[in-house]
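Engineer: Using the hints provided, position chain B relative to the given structure of chain A.
Chains A and B supply the protein sequences, listed in that same order. Counting in the numbering used here, the first sequence runs from 1 upward without gaps. Counting in the numbering used here, the second sequence runs from 1 upward without gaps.
Treat the hints as calculated values from the structure; they're not laboratory data. Being a predicted model, the structure only gives us computed values, none of them experimental. Just so it is clear, CB atoms sit at the ideal spot from N, CA and C, and this is done for glycine as well. Any given hint could be a false lead.
[Unchecked claim] Sample of chain B residues at the chain A side, in silico, Cβ under 10 Å: (1) 174; (2) 175; (3) 196; (4) 197; (5) 207; (6) 219; (7) 224.
There are 2 protein chains.
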Amino acid sequence: MARDRVENTTARGDERKALILDTALRLFERDGYEKTTMRAIAKEAGVSVGNAYYYFGSKDHLIQAFYDEVSERHVAQALAAMRPHRDLATRLSADLHTWIDVAEPYREFATQFVKNAVDPNSPLSPFSPESKPTRDKVIDVHRRAVLGSTAKYDPGIAENLPDLLWMHHMAIVLFWVYDRSPGARRTRELVDRTSPMVARIIGLSRFKVVRPLFREADKLIRDFLLPGDEPGGA
Amino acid sequence: MARDRVENTTARGDERKALILDTALRLFERDGYEKTTMRAIAKEAGVSVGNAYYYFGSKDHLIQAFYDEVSERHVAQALAAMRPHRDLATRLSADLHTWIDVAEPYREFATQFVKNAVDPNSPLSPFSPESKPTRDKVIDVHRRAVLGSTAKYDPGIAENLPDLLWMHHMAIVLFWVYDRSPGARRTRELVDRTSPMVARIIGLSRFKVVRPLFREADKLIRDFLLPGDEPGGA
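So that you can see chain A by itself, here it is in the shape it has in the complex (with noise of 0.2 Å):
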């Protein structure tokens, strides 16, 4: 009984949480980021101040919690969308489709995201050590993405593939922030062009020549973007 009691207290703590979230999302595209305070968040939401507080330690939390709720839901979209393929080009942009699916609504405030997200110090940036629970999932379905596809490649760069999606993954997150086309669609005509080509040089990982490149390239981001993070993610 008394463990009946946790879960309920946790559950109702997991809704007001999940309000005062959704509250301040609205509230950012609404009036801007920078002109929405925690007090409006609250008042709006119907809690007090210093409830909005206990869940959230500042604004910058709630982005981070934006990112994990975006994060959350590409991947289980991203799994279903891919589920009929085995082609791995197809594979790929199916993944990311999803992804802009999920964050096209919040393109406004995902603009303000980058911003503070490209801040040496910030613990919003998708890099920081702060971001890796929910970006070793992101990384995860792009290795699910692999494994799910009838490609070839050198079995030396299975565990090293995914970071390097990834940063695929990222690279077309930056283009859809410079996006102004509707409905992001300069940004889903580029998956769909570079999604064949990641599809393309993983191939190329069978030629001797091209392999020592990938191993490079992986300890690279091992080294200066994710360093302490172990080979293979989550």
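Structural biologist: For chain B alone, kept in the frame of chain A given last:
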């Protein structure tokens, strides 16, 4: 004589413009970009506010001028640094190290610059039409890095190579903004690691199986990042 007068006026104007820019950069470093007003810059430089606005329409224009200034110095120093070398990797690395030399004093401020440049609607983006004259000068340095080297590559990719090298450069700039190591030591290590890789990738263009990827990559840059640019840059 009329012509002399014009030239003298122009020279005086250039001097005053340079003075305002130097003053602005100093104040941006000291007080931060947001807190520094045009009024404060004018006062510190000993010119009227109207005069400061005559040369720079807004604080953003000062950033553009800063980008131009850094690029100008980089171009001059890179050409000198590459001159004694023939090996492509060494030339690329010398090229990029001089960029770090020139930019390093402004690293704090550059973070601010990148935050603005990442905004899709900003004329300050290195990909914007407004940045084209300066971008072309920098791309041309990368062209010379290849032309002065002993590197062997498919002649079919020669025209497109400078743009691809510029993308490498932009990736280094992005890393540098994140870099917190003293004297940008990590960025310099990254340059030393990626320059031989890039040179090796260029060498791979001689293999028939790899060649189409270069053309596609270049077409991608042209179609998605620099629409409206003529092939071959400047």
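Engineer: All hints are to be evaluated individually against the structure, with a verdict given for each.
Structural biologist: The hints, checked one at a time:
no., hint, result
1, 174, "holds (8 Å)"
2, 175, "holds (7 Å)"
3, 196, "holds (9 Å)"
4, 197, "holds (6 Å)"
5, 207, "holds (6 Å)"
6, 219, "holds (9 Å)"
7, 224, "holds (5 Å)"
When the structure is compared with the earlier hints, no violation turns up for any of them.
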